[in-house]
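**Q** Residue numbers (the numbering used here), protein chains in the order written: chain F, 1 to 403; chain L, 1 to 436.
Note that these hints are calculated values from the structure, not bench results. Wrong hints could be hidden among the right ones.
Listed below are the simulated DSBU-like cross-link pairs for lysine-lysine, each with C-alpha atoms no more than 30 Å apart in a straight line [unchecked claim]: (1) L:Lys265 - F:Lys139; (2) F:Lys311 - F:Lys82; (3) F:Lys222 - L:Lys374; (4) L:Lys214 - L:Lys321; (5) L:Lys265 - F:Lys222; (6) F:Lys222 - F:Lys368; (7) F:Lys222 - L:Lys32; (8) F:Lys222 - L:Lys414; (9) F:Lys368 - F:Lys349.
Predicted, not measured: the structure shown is a model, and the values here were computed from it.
Chain residues, written in single-letter form:
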Amino acid sequence: MAEFNRRKFLIVGGGAAAAGLLSGVVALTLPDMLGAAHDRPLPEGSGILVIVTLNGGNDGINTVIPYTDNAYHDARPELAFKPEEVLPLDGQLGLNPALQGLSEMWKSRSLAIVRGVGYPNPDRSHFRSMDIWQTASPKEPVPTGWIGRWLDATGDDPLRAVNIGGVMPLMSIGERQVASALSGWFPGIPVETMATLSALSDDDPRDTAEMSAIRRTYRASKVTEPEFGRVLKRLDPAAAANDADVDSLQAQLDLVARCVKAAVPTRVYMVQLGGFDTHAAERGTHQELLKKVDTALTPFLRDMSTHAHGKNLVVLMYSEFGRRVAANSAQGTDHGAAGPVFLAGAPVKGGFYGDEPSLTDLNDGDLKSTTDFRDIYHELLSRTLQTDPIPSVGPGRRDLGFL
Amino acid sequence: MSGQSTQWQATARLLRRAGFGASGPQIDAVAKQDRSVYLDTALGLDADRDPGAVATPRPIPVTPPTNYTTGAELTALQNELSLQMNDLTEWWVRRMVAVQEPIHEKLTLLWHDHFATSAQKVPFAVWMGAQNQTLRTLKLGDFRTMAVAMLGDAAMLYWLDGFSNNANNPNENLSREFMELFTLGHGDGYSEMDVREGARALTGWGIGPGGQTKVQPDQHDSDVKTVLGVTGNLDHTAFCDVVLSQPGSAPFVAGRLWRQLASDKSPSPEALGRLVDAYGPGRDLKALTKAILLDPEFTSSTGTIVTAPIEWMVGLIRALKVPIDDPVFLHAILLALEIMGQRPFYPPNVNGWPSGQAWLSTTSTAARVWAADKFVTLGDLSTVDDAATGDRIDAAGYLIGVGAWTDRTVAALKDLVDDPKRIVAAAVNSPEYLTA
C-alpha cells in the first residue's frame, strides 16, 4: 500500500470543505427596503437577542488563550499559540489571532467573555450536550427549548423568534409555539397559494399530533410571509446559475441585519456555524472557522450599534462544550467540558466574567466549569427580553452583570 | 371522508414508507396480494439489477493527484473534487427516481442516515460512493457485517478521524460515536473509560490513495485493553463483537430503524420486543426490516411520521413522472434540498438528519411550494385531468397515494377542482401527504 500522506490529505480535506461545493458566490442583491410604515414595527431600542451556535464543540482554550501559562504550552505543544501570536486581553489571556475584530470590541469594552461556562456532570456527547444547552435542562431530557418556553409563555406571534435556515433547532421548539424560519432563497409564496395554505391551516378532529404541527406552520406562514416579504429579495433556485453559499454565517447575519433595520417585530434571532469538531489538524481549521466568525460578527455589530433598532441588540455566542486540554496525536483535541461564552453589542459591559478554570486541576482531563450557562440565559431573558426568566431557566439562577 | 378501503390505505402506508411515496396503480397491485409476500419479493431483488439502477450507473471518479505547489493548483484541485461530489449527489437523486422497486434505495438512504458520513469533510467522492455501495450491498444482511465494514470504511475513517488514531495517542472520536450513535445509544452502559479503551482497539487504520484501507501493524495498539468488561488484545472486529453483545444493542438498532421507517415515536415495549425477536441472535436486518413493516403497530401509526425532504421530493418526482434530465433543473432541486436541510451525502453531523418537527418550518413551506409549482407544470397529471371535477379530490389522492382526506383538507381542495395543477400542488402540501 502506498504511503498515506496524512498532512496533504488534511489540507485538501479542510480546503475542500471550506472552499468546496457551496462556495461559488452568488451574492444576494440588496433588498428592496420598503419604507412604508407597518402596523406593528418593533419600537426603537427594544432589546434584541441574536444567538450564535457554534456546532461541534469549539476549542475554548485556543479561542481565549492562556498564553502565559506553561501548562498550556506543555499540554498541546504543536497546537499552542506563542505569546507573541495572540491578541492580548490582559496579562494572562489573549484571543486567537483570527479574532481581530473581537479584539477591537474588547478594547472598546463592548465584548464580555464569560470564562469556564458549563454545567454539572459534563456530558461529552455532542448531541446530549447541545440538547442540554438548548433545553437548559442538564439533569433530564425535556422536549422543549429555552426559547420555545419563552414563546409559550408570551403569546402567539410567530415572529417573536426567527431561526435563519429551514431546520428548526431544539431551543426554538416549545410545547405550543415554535419559532419561524427565514431564508432568502425562495420566491415568496404566491397569494393564491397562501390562500390555500390558509384554508389548510385549521385543525381537523382526525389530525394526529404531526398533522396538527403542519397546520400550525401554515398558520405561522400567514403572518410571516407578508412581513419577510418586505425585507427579502427572494431568489428562485432554478434561476441561480451556480451553487451558492446559502448558509454562511455572514449571509445569515445579513438577513438578521435587514430584518432588524426594517423593524420586523422579532426579539430573538438564531444563527449557526458548524465544523468545530476538530479531532485532527485543528490549528489551521479552527483558525479558519474563527476567522469566519470574526469577519461575520464584526461588521454586523458595527452596523447594529449605530442603527436605531440595533442599539439594544446583544449577541450570545456559545458551543456545546470545550475541548480536552491536552492535544491528541493528530494535532487535534477530543471532546471536553467547560468553555468560554461571548456576549457582544452596544449594551454589553465589556470584560471578564466567571473565573478562569485551572489548566492543571482538571476533571478527567477537562476544565472544571466555574459558571453555570443558565445564569447567562437568566440575564439575557430578564434584561434584553425583559421577561420572567423562570419558565426558561427555572428558579435559583442569577444575573452575572454583563448588561 | 372515507375514501379507499382499509386494505388499500394500509398498503399505501407500507409503500410510502418503504419507498419514496407511492402512486395509485402501484398500491392497487400490491393491495391485491399478501403484504408479506410482496416484501419477500421486493427485498429479495438484487438492487444492482433493477432496470432503473442499470440505467443509472454510479460514477466512479478517479481522484486527481492531490499534490500541488501553488494556490491556483489547489483551487483547480478543489474545483475538480467538488465537481466529482456534485456528480455523485446528482447521480443518487437520479437513481432514487429511476428505480422500479424503490425499497433498496430507501433503505440505503436510511442506513446512510444511521452511519451518517458527510462530504462536507470527506474530500473524495469515490470514497463516499464506495460507502454508499457498501450500505446498499449489506443493508439486508447481518448488522455485525455492516458495522465491521463501517469501522474499516475509508469515508468513515476519515470522517471520524479513525485514520489518525494510532497506538501512541488514540483518537476517541470513532470509538465514541460508534457506541453512542451506531450501536448502543447515549450513555447506555458504557463509560468514558470504555470510549478510551475502545479507541485503542481501533488504532492503526490507514487509507490508501484509491480508498483501500488496512490496519498498519506498527500503528496498531496490540496491548491488552478492557472494553465493557472484556479484556484482551482487542482489534476492531473484537471491539465490535463486545459492543454488539451488550443487551442494549439489539433494542437500540431495532428502535432506530423503527423511527426511520415507521414513526417519529418510539415503538411500544411489546412492538419493540417483537422487532428484537425478529432481529434475533443473527442480527438479521432483512427480518428486522420486514418485521417493522408488517407489525400491527406500523399500520396503526399512520400519520405519526413527518415526511423528510428527500422522501417528499423524490416521491413527488416519481408520482408525477417529472423529467429531471435538464441539468439546471436537477441542480435547482438539489439546492432546494440543501435549503430544506437534507442534501444526500451531506448529513449535518454524525447523528444524521433531524426528524419530526425539525422539518416543519415556514422556510420549508416556501421551498415545498416552489417545488410543487414547478413539478405540477412539468409532470403528468392525466389522472386528475381526466377525472370529472367532482372526482378530482379523490383522483389527486390516488395520484399521490393518499387514501383518505380529512374534512378540513377536502374543504381546502374543493375550491381548486377546476384547476388540476393547483389541486395537486395543494394536495402534496397537505398534512395527509406530509405525514405517513
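**Q** Are the hints correct? Go through all of them and say.
**A** Now for the hints, and whether the structure bears them out:
no., hint, verdict
1, L:Lys265 - F:Lys139, "holds (22 Å)"
2, F:Lys311 - F:Lys82, "violated (37 Å)"
3, F:Lys222 - L:Lys374, "holds (22 Å)"
4, L:Lys214 - L:Lys321, "violated (44 Å)"
5, L:Lys265 - F:Lys222, "holds (29 Å)"
6, F:Lys222 - F:Lys368, "violated (47 Å)"
7, F:Lys222 - L:Lys32, "violated (43 Å)"
8, F:Lys222 - L:Lys414, "holds (20 Å)"
9, F:Lys368 - F:Lys349, "holds (25 Å)"
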